[in-house]
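So in our numbering, the last one in the sequence shown is 136, and the numbering has no gaps at all.
Just so you know, these hints were derived from the structure itself, not from any lab. Heads up, a few of these hints could be off.
[What the hints assert, rightly or not] So the derived label-pair ranges between C-beta atoms look like this:
(1) Met56 x Val31: 37 to 45 angstroms
(2) Glu58 x Ser38: 30 to 38 angstroms
(3) Leu68 x Pro95: 52 to 60 angstroms
(4) Glu67 x Leu100: 23 to 31 angstroms
(5) Glu78 x Asp127: 12 to 20 angstroms
A quick note: this is a predicted structure, and the numbers were derived from the prediction, not measured. Idealized CB from N, CA, C, for every residue including glycine.
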Amino acid sequence: MCRWSIALGVSQRRRCPMALRSNQGLKMVQAAAMCSLLILAALPVWAGERQEAMSEQERAARIQELQRKRAKVERELRQLRSQPEGMTQSTVPRSEFLDQPTRNMKKSLESLPGVSAQQGSTGRDIHLSIRGSK
Numbered sequence: 003m004c005r006w007s008i009a010l011g012v013s014q015r016r017r018c019p020m021a022l023r024s025n026q027g028l029k030m031v032q033a034a035a036m037c038s039l040l041i042l043a044a045l046p047v048w049a050g051e052r053q054e055a056m057s058e059q060e061r062a063a064r065i066q067e068l069q070r071k072r073a074k075v076e077r078e079l080r081q082l083r084s085q086p087e088g089m090t091q092s093t094v095p096r097s098e099f100l101d102q103p104t105r106n107m108k109k110s111l112e113s114l115p116g117v118s119a120q121q122g123s124t125g126r127d128i129h130l131s132i133r134g135s136k
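When you get a sec, could you build the whole thing from the sequences and use the hints?
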């Protein structure tokens with residue numbers, strides 16, 4: 003017998019145990035996959051049982067908490083939507099803008115000389131406007 007035939011016989015003997023091992027590994031992988039699928043299928047059922055276990059008092063408390071949070075968010079949104087009004091200081095006497103054709107004090111003061119300050123988007127942001135005489 004030559005060296006090549008002996009080597010072929012040895013390699014064939016080594017393949018058989020490997021084939022058995024790969025079949026066992028395949029079975030283990032299949033078993034692990036089945037277990038993970040069963041666990042994934044059982045999780046929603048278990049979660050549903052857990053949610054039903056919540057008492058009515060806890061449910062009412064949770065609803066009230068969510069309503070308070072919603073009211074707080076709505077209040078903050080209203081504050082963000084409303085534009086802040088500025089304060090205006092003028093050195094002109096009040097009698098000078100009494101006959102102005104405008105409808106409110108803000109429009110009247112915009113056409114007269116003076117200084118106006120408006121609050122910007124943040125607490126520290128202030129816009130100063132200095133109007134000169136006509």
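Hint check:
Look at Met56 against Val31: about 39 angstroms separates their beta carbons, and that is inside 37 to 45 angstroms. Checked against the given bound of 30 to 38 angstroms, the beta carbons of Glu58 and Ser38, roughly 36 angstroms apart, stay inside it. Take Leu68 and Pro95: their Cβ atoms lie about 55 angstroms apart, and the range 52 to 60 angstroms holds. Our hint of 23 to 31 angstroms for Glu67 and Leu100 is violated, since their Cβ atoms are close to 54 angstroms apart.
At about 18 angstroms, the CB distance of Glu78 to Asp127 agrees with the hint of 12 to 20 angstroms.
Taken one by one, the earlier hints fail for this structure only at number 4.
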